[in-house]
Amino acid sequence: MSFSEKNILEPEKWIDRYGDILFNYTITRINKREVAEDLVQETFFSAYKARESFQQEASEKTWLIAILKRKIIDHYRKKSTQNELSVFDKDSKDDFVNYFFDKESGNGGHWADSSAPQEWRKDFQTSVESDEFNAILKNCLGKLSEKTSAVFTLKNMEDLDSDEICKELQITASNYWVLMHRAKLQLRECMEKNWFLK
Amino acid sequence: MNLFEALKMTCKDASYLHEKKKEGNLSFTEMIGLKLHLLYCGLCRMFFKQLDELEKHTQRFAQSEKTIASLDATSKEKMKKAFEQQLKK
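Chain order of the listed sequences is A and B. 3 is the number of the first residue of the first sequence in the working numbering; add one for each residue after it. 73 is the number of the first residue of the second sequence in the working numbering; add one for each residue after it.
Isolated chain B, as found in the complex (with noise of 0.2 Å):
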């Protein structure tokens, strides 16, 4: 991206830009550019929040403990004599 591509970002763009920013890949005009954009345009800015926010939400999902459901009690059996067949061996 040059100067003038990163000066008349669209929206579209920006939010790839905002995916990549997270691991710190973008170059210094894409930086430029993002900044811009988001200076004017308040739907990015809104957006962007929000697909952070959906994030941050997704990864205490996956960290939380909490049972949202178990093995059914058949797939268990099946589990486990199966499992005893190779504990035997």
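For reference, chain A alone in the conformation it holds in the complex (with noise of 0.2 Å):
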């Protein structure tokens, strides 16, 4: 081998470096592992058909990341354009949401008595970085619904905007807005059963 040995592909070992690399970055944003497992071998399959593209200042790794991070929004995409998101407009009733507030007249829009924010318990803070935590959380936000999980995911793990989740998702802004609101409602409640109340 010549030259610096960063900038060269070698798909030939590929798998091996980076297999599960690319797994455990896929699993903990989609939550199925058929679907990371697919996800990840069409990353590899993708990369070596655009072998020539590949920019020498980049390092193997990060090169197949990007690639995979674009088929990760593709996913989503998908999911979104066969009907799952869009049937989701302004004008639906947000169950979900309004579930936690008070619809009785006087009080309306605000907090239910039976579902009003409670204080975390206090030691919360010193274990979250802790295995426990991260599988607890991983549970929760493999419970989102599929709606709800491509904005969620999009947004605080692949760090996209909202722009730009809109015209991936093909959703309306005010369609983002409630679904990220009820994205984290979901995961606040299902964090609180398992572990900030516990």
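These are computed hints drawn from the structure, not numbers from a lab. Model, not experiment: these values are computed from the prediction. Check the hints yourself; a few may be wrong.
[Unchecked claim] Restricting the straight-line Cα-Cα distance to at most 30 Å, the calculated cross-link-like pairs of lysine-lysine (DSBU-like) are:
| no. | chain 1 | residue 1 | chain 2 | residue 2 |
| --- | --- | --- | --- | --- |
| 1 | A | Lys73 | B | Lys160 |
| 2 | B | Lys84 | B | Lys121 |
| 3 | A | Lys71 | B | Lys94 |
| 4 | B | Lys148 | B | Lys160 |
| 5 | A | Lys81 | B | Lys84 |
| 6 | B | Lys153 | A | Lys80 |
| 7 | A | Lys73 | A | Lys15 |
| 8 | A | Lys71 | B | Lys93 |
| 9 | A | Lys80 | B | Lys150 |
| 10 | B | Lys138 | A | Lys63 |
| 11 | A | Lys15 | B | Lys152 |
| 12 | B | Lys93 | A | Lys81 |
Hints in hand, dock the two standalone chains.
This is the structure we're talking about:
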């Protein structure tokens, strides 16, 4: 081998070197093993086809992850355009959100007694980097519905802004805010049950 | 949202606006309304703090390179076989 090692593509070593890294990255964002495996495999195939476009300044790993990121966005976009997201429009009742707020006249839109926020246990900060916390968080993220997890994941884990997400998922800005809000309510509810209030 | 609506903001409205605020999408009246609401609503103050906390931990989780799961051996072998075919082409 010649020149500087990290700037050369060595496809025959990709799966051993990066298979688990890419899989781990994907499974954090899409909580389904089969889907994650497929995306990782597709990433290697696409990367190999596009090997001519590899910029020598980037490392192999960074380059592969960039391709994988695009695959993850595409996965959520496909889900979204298969009508799973677009059925959710501005006028549909957001029952999940309403469940948290009082519908009684007089107090409408304020916290319902049964679901009002409660203080989290004092010591929750000390253990949030533990494996146990990560496992619970992952599990709770996996429970989000497709619609909400698309929005939440692309924003908080893939770092897209709301305009990009609306464009990718073909949803309106108001859908976006409702879905994002709902994602957080669902996630918070699950995390409280399993962690913050325990 | 007009000024009157902003002044009688509910917790539900406030929680949407808290979300929108993160990308600087609030109008002037919305901003005033939200600020006022938070002055007298302790529940929302606590709630928003918790949401932000959750968001922070999710981002940290996404960025951590700690292994939470690996490919199982059979899938890896299958993947290698398929990829080797591709390399031969």
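Quick rundown of the hints versus the structure:
| no. | hint | result |
| --- | --- | --- |
| 1 | A:Lys73 <-> B:Lys160 | holds (24 Å) |
| 2 | B:Lys84 <-> B:Lys121 | holds (15 Å) |
| 3 | A:Lys71 <-> B:Lys94 | holds (23 Å) |
| 4 | B:Lys148 <-> B:Lys160 | holds (18 Å) |
| 5 | A:Lys81 <-> B:Lys84 | holds (28 Å) |
| 6 | B:Lys153 <-> A:Lys80 | holds (27 Å) |
| 7 | A:Lys73 <-> A:Lys15 | holds (21 Å) |
| 8 | A:Lys71 <-> B:Lys93 | holds (26 Å) |
| 9 | A:Lys80 <-> B:Lys150 | holds (25 Å) |
| 10 | B:Lys138 <-> A:Lys63 | holds (16 Å) |
| 11 | A:Lys15 <-> B:Lys152 | holds (10 Å) |
| 12 | B:Lys93 <-> A:Lys81 | holds (27 Å) |
Going through the hint list in order, the structure satisfies each hint without exception.
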